[in-house]
Amino acid sequence: MAYVVTDACVDIMDQSCVEECPVDCIYEGDRMMYIHPDECVDCGKCVPVCPSDAIFWEHKLPAELAHFTAAATEFFEQREDSSG
Amino acid sequence: MAETDLLIVGAGPVGLYAVYYAGFRGLSVTVVDALEQPGGQMSALYPEKKVYDIAGFPAVRAQDLVDALAEQAAQVKPRYLLGETAQTINDSADAVTVTTSRGTTVTAKAVLITGGIGSFQPRPLPTGGEYENRGLRYFVPRPAELTDADVVIVGGGDSAVDWALALEPLARSVALVHRRARFRAHEHSVRLLRASSTRLYTPHEVHRMSGANRVEQVEIRNVETGTIECLRVDAVVAALGFVANLGPLTTWGLEMRNRHIAVDRTMRTSRPRVYAAGDIAGYAGKVALISVGFGEAALAVNNLAPLVDPSLHREPGHSSDAA
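Chains S and D, in that order, give the protein sequences.
So the first sequence is numbered by the working numbering: it starts at -12 and just counts up by one.
So the second sequence is numbered by the working numbering: it starts at -17 and just counts up by one.
There may be inaccurate statements among the hints.
With a cut-off of at most 20 Å between alpha-carbon atoms, the simulated DMTMM-like pairs for lysine to aspartate or glutamate come out as follows [claimed, not checked]:
#, chain 1, residue 1, chain 2, residue 2
1, D, Lys268, S, Glu61
2, S, Lys47, D, Asp35
3, D, Lys268, S, Asp17
4, D, Lys32, D, Asp216
5, D, Lys268, S, Glu64
6, D, Lys59, D, Asp76
In silico negatives: residues of chain S with every beta carbon more than 12 Å from chain D [as the list claims (entries may be wrong)]:
#, residue
7, Asp(-6)
8, Asp29
9, Pro38
10, Ala53
Bear in mind the hints are in silico, worked out from the structure with no lab data behind them.
Cβ coordinates follow ideal geometry from the N, Cα and C atoms, glycine included.
Turn these sequences into a full structure, and let the hints guide you.
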């Protein structure tokens, strides 16, 4: 289980969520932030502080945003590949 | 000789229930937690949030649940070691000895780790950390200590704003430094803040701290314009939230399962006399919920009870018969 950042973050990247996250699991991508699905502990602290309302609980993710779950997984796979 | 039957590491909801449960089984209990108050994540991260999946409670405020668990636990008169982190573990004859960050040693016949996602520590201030306890602090348990002081608070969440409001009537001056224009605290608190005499520096960050023995000056930088301003201070309060870390528990030689402690169906870990329950315990099919954690706490305590006292059975009998 995890929370997921979606398109409302793109080119905004306010990062209030980063200050709130107790486990430092929110990372900066090129155009949006990503929540590490394995590091997230489901506390939900990031949701209300996001000024763009971009963050959803995985299981409450609107269908049209469902691909952002896979986008996060892909982002961290690539990151981990490139860091060896 | 063991001074306590059971040492519980972590005073979150599952740890508190385990305290009560161990007392119900007749065991003496010591409980250690890194935070100054019990309640773990519920108190530190979301005290005002409603929880809907606790058996018997259609809805309950997180802090209310913690208060009720602490009251239930208090019946068995546990010894609390709050503000201490369990650091090292050593085997001794028929017992284990755990040493905390404050050097307290506890010898127990069994240990139950209910450490959740790890111990919470305040997120360190990126600049000026060397002034900790020399003017820089992370908590304000007694606001009166800062009477007539010039105080700078750093942060933009509820703690920062609440401390500003608590100190504003007492301190000589209060300045609040936050990296963004927007505060993350409750709207009502922010309205009170804006109406108070607190000077707001946004979007600013701490650039440098200076002072001979104690911090005397804080240079703050406007993150948009780069302009630097200097504030004279007696105290700096950093309220940047908490970070959780499994920390020393990963050095206890326990078999891990991802970032969880592997346990068998009796909640026993790979180390003799050490059990785990709640979010920190991992096994096939695990679901990390408080309701599951409560069950695991009862499982762990009942299974370790005969180890602590061979005259005890694993089966507890009914609590309703125990009056």
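| field | Exclusion check [Ala53(S) not at the chain D interface, CB over 12 Å] | value | Non-interface label on Ala53(S) holds, nearest chain D Cβ at 22 Å vs cutoff 12 Å.
| query | Within 20 Å, alpha carbon to alpha carbon, are Lys268(D) and Asp17(S)? | reply | violated, 35 Å
| query | Holds or violated: is the Cβ of Pro38(S) farther than 12 Å from all Cβ atoms of chain D? | reply | Incorrect as stated: the minimum Cβ-Cβ distance to chain D is 6 Å, not above 12 Å.
| query | Any Cβ of chain D at or closer than 12 Å to Asp29(S), or is the non-interface label fine? | reply | violated, 8 Å
| query | Under the criterion that the straight-line Cα-Cα distance not exceed 20 Å, is the pair Lys47(S), Asp35(D) satisfied? | reply | holds, 17 Å
| said: Please verify that the nearest CB of chain D lies beyond 12 Å from Asp(-6)(S)'s CB. | reply: holds, 21 Å
| said: Lys59(D) and Asp76(D) were given as a pair; does the straight-line alpha-carbon distance stay at or below 20 Å? | reply: violated, 24 Å
| query | Is the Cα-Cα distance between Lys268(D) and Glu61(S) 20 Å or less? | reply | violated, 25 Å
| query | Are the Cα positions of Lys32(D) and Asp216(D) separated by 20 Å at most? | reply | violated, 39 Å
| field | Pair hint outcome, Lys268(D) versus Glu64(S) [Cα-Cα no greater than 20 Å] | value | violated, 24 Å
Consistency with the previously given hints fails for numbers 1, 3, 4, 5, 6, 8, 9, ordered from lowest to highest.
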